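There are 4 protein chains.
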Amino acid sequence: MGSLQALIQDLVIANRILAREDVVDAYGHVSVRNPDNPHRFLIARSLAPELVGPDDIVELDLDGEPVRDDGHKLYLERFIHAAIFAARPDVMAVVHAHAEDTLPFGIAEATKLRPVIHSGSFIGANVPVWDIADKFGDTNLLVTNMDQGRDLAKCLADNNVALMRGHGFASAGRSLIEVVRMSVYLPRNARALLHAKQLGGEIKYLRQGEIDARNRGYSPYSTETWRAWEYWANKAGCSHMLTKPDAHGHDHKHDHKK
Amino acid sequence: MGSLQALIQDLVIANRILAREDVVDAYGHVSVRNPDNPHRFLIARSLAPELVGPDDIVELDLDGEPVRDDGHKLYLERFIHAAIFAARPDVMAVVHAHAEDTLPFGIAEATKLRPVIHSGSFIGANVPVWDIADKFGDTNLLVTNMDQGRDLAKCLADNNVALMRGHGFASAGRSLIEVVRMSVYLPRNARALLHAKQLGGEIKYLRQGEIDARNRGYSPYSTETWRAWEYWANKAGCSHMLTKPDAHGHDHKHDHKK
Amino acid sequence: MGSLQALIQDLVIANRILAREDVVDAYGHVSVRNPDNPHRFLIARSLAPELVGPDDIVELDLDGEPVRDDGHKLYLERFIHAAIFAARPDVMAVVHAHAEDTLPFGIAEATKLRPVIHSGSFIGANVPVWDIADKFGDTNLLVTNMDQGRDLAKCLADNNVALMRGHGFASAGRSLIEVVRMSVYLPRNARALLHAKQLGGEIKYLRQGEIDARNRGYSPYSTETWRAWEYWANKAGCSHMLTKPDAHGHDHKHDHKK
Amino acid sequence: MGSLQALIQDLVIANRILAREDVVDAYGHVSVRNPDNPHRFLIARSLAPELVGPDDIVELDLDGEPVRDDGHKLYLERFIHAAIFAARPDVMAVVHAHAEDTLPFGIAEATKLRPVIHSGSFIGANVPVWDIADKFGDTNLLVTNMDQGRDLAKCLADNNVALMRGHGFASAGRSLIEVVRMSVYLPRNARALLHAKQLGGEIKYLRQGEIDARNRGYSPYSTETWRAWEYWANKAGCSHMLTKPDAHGHDHKHDHKK
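Protein chains in written order, with the working numbering: chain H, 1 to 258; chain X, 259 to 516; chain F, 517 to 774; chain D, 775 to 1032.
For reference, chain H alone in the conformation it holds in the complex (with noise of 0.2 angstroms):
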């Protein structure tokens, strides 16, 4: 299988288990960068990501349009893959979603949503909240276009997470598994923070030499994150499509070379 090929497949993958792990329903995507030509991403058609295979996987460019002209419907919302993509040469894969426990951290101004538990860690130390009204007013909260998606990107910053008031997140990671496991672990750490809360009493959460160190320690073909990944593909009912990570060329050069 050409490499090109594994990350087609790893992308549906991703897509299986986002949905099976209730970070999209109908709604929200995942994209990858072309490793051949990183001013491109793969990313399915407008189809629910539970429904996704090989053939609904389409290329676009970094201004959202797509690369060959097959007919295909497009995500609306493609845009905020393009121009997180467009803004940050380090991110290779990109997730937008709605996991409704990440939403009261957007709406409820008073608390930030930080790391508390260490599989949050990903998410960093930092997670802003966009809204699109500042800049955009009344909208139907839709990223649809490159302007509203380069104002997201701009918020994002150098930040793996952005929140996206009354309507989802976006997140930014160095390969499918990392940014796939970010968003798995995203709610997550949000029930954790959100119940810690209720109970009261100052929250611990995690320091900032704690977030380094596991972000130094992350490597995404570990034999620790593939267990993860190959966990959550059988659970999503497709392990018949893990591809080991040797028959990732570029993918698997890239993701050691820091």
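Note that these hints are calculated values from the structure, not bench results. Model, not experiment: these values are computed from the prediction. Check each hint, because a few of them may be wrong.
Derived Cβ-Cβ restraints for the label pairs, each shown as a range [claimed, not checked]: (1) F/H588 to D/D864: 30 to 40 angstroms; (2) H/D36 to D/P840: 36 to 46 angstroms; (3) X/T501 to D/P840: 56 to 66 angstroms.
Even for Gly, the Cβ is constructed at its ideal location relative to N, Cα and C.
Start from chain H and add chains X, F and D according to the hints.
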């Protein structure tokens, strides 16, 4: 397939989706106005929505009485549907359900349910709470006659959703797909607001202009709307019953008229 | 099928429903009075309710002792059932369970569990909390003899449900279907009240007149009651065991006597 | 089947149960001391517990090193198990996991996790919170060497459970069945306490005498204990792996000695 047959099929799908998404359990029901005769509507006989098939659909008039007497037991609360269809010519479909997470907002008087997330915008800016006791005193809380149904419809007025104190809600939409979607996201919006309240501080509700913008952009057979319908039908195990929008003669035309 | 065989079948269904609806897990049990001999009742041998079949049903007397010694291990807490059947000739079926969301109301003394939703009305206006420690001091919290059972039954008095502090609840109904329904909606009512409290402000409980009106209208084999039983049996994978109400000789007559 | 084979089978069941009951996900592990050599214990190679089979079980010594080098990748945090087995000769089985609802009690310092429900009694009256940062400063929060393991074991002391701040918990039992049961009911006890706190007012914790009474009555192969093991194994799809208690030579004798 005739357009009425397609509509009955859709009504069966709507029943199954609402069951699968925990909006209804053994109780709760969904109805659709007969596009060929606006003085009649289709609804299941007295049966748990999960178990409803095409042969279980009956036709009632706007007094809640069956058009044909085929000996079926009917839902006690069919008057909710009859009264709303009578009062609201713009409404094509109605749901009544007891979705758990909507209940607290009918019980706790201090907090008003309002849209806080984009998928909740369709419930509208104003969600009145109807208390059957206000006019009818001590009842079994069920809407079992036209008088009670009309009082509920009056409280609903031209809103999309009315909460029913200690009981559930009634929602009204321009199509089956719209009312199902509204009913699925209503409890999610309720949970997001409940949890945001627990985080404390000021709540950022959707702005009126945002609610209006989303409403203006809504089309019951757009790619985005269809995506959710297809996804939910698949989860509910009845994707084989899906009929493409262009099979919907009447309904389809109606949907695009506005 | 004889009426006792039909009742045993129903008792198996009740076990499976309570397991499927998370009212019981490995622990918890349901019993039904022998309609041919009111001094005896039917209950499973010591086995997780989900795994109970017709051959696992044993017959006990009102001291909790087996009528026939067939060597089966029995539930340690069978005395809950024996004592309630002995004290309450009107009761035909009993559930004891640890349903998670009822527990907080036995632990937090300040808030009384009361009906707030129509499906919760059958728990009755007054839900006493029994604390085994009040009379028996330091125990393992289990009701393991008739003395303890009788003390619980005394606390229950003529109510339908008693919470057991740090342990669970006992519920008593006029039929198997009624006690199962009450036990399924009890945790739902508890959650609705907990969440309403979190929203703050005044709580609108069901009015006494509403509870009475619902109770007066209840019939264990009405279309509405059967609808839920059929739905839950189907979810629990045992709809093939359902016997139509008219197969229930004794039980049926009893149910319509009131 | 030899007693070691039966124990390995039980360890596989334990892995599957903990996965099915949401105590572990891709991460978390369970181990059992080798009854024939108390200086060694059995645990899976680095693999998600849900996917563990008999061939994935490896044997480690009390420094966390493999007895045989068969090239398997090992859990990074195996030192938790090694250190607890080394410090506590009475402990026969250990679980480490990140069960979500235990996390808030490690993060919010004000509220101590204590038993409030009878099934939670086995966590013991005192549940210390271990903060890796107290001694080791900024780490990735994982217990990756014996020093850290020993510090955790020291904090656990002769208790049954230690919470690990921002990370999870470690629990220690007298048998596999006991430690699994404790780990399943620990999050339930945590939720019951969290929700009771939300109801407000004074909390009725289990009394010390009650915890003691329950502990005295515990027997790992009683009918009641087996009932839960059988139920959970069935839910986890591995009831075919169950071996009756009398197949457990060593383990069985040990269990009844106390």
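Hint check for D/P840 and H/D36 - Cβ pair distance inside 36 to 46 angstroms:
holds, 41 angstroms
Is the distance from the Cβ of X/T501 to the Cβ of D/P840 consistent with 56 to 66 angstroms?
Cβ of X/T501 to Cβ of D/P840: about 60 angstroms, so the range 56 to 66 angstroms holds.
I want to verify a distance hint. Is the separation of the beta carbons of F/H588 and D/D864 within 30 to 40 angstroms?
holds, 34 angstroms
The structure meets every hint from the earlier list without exception.
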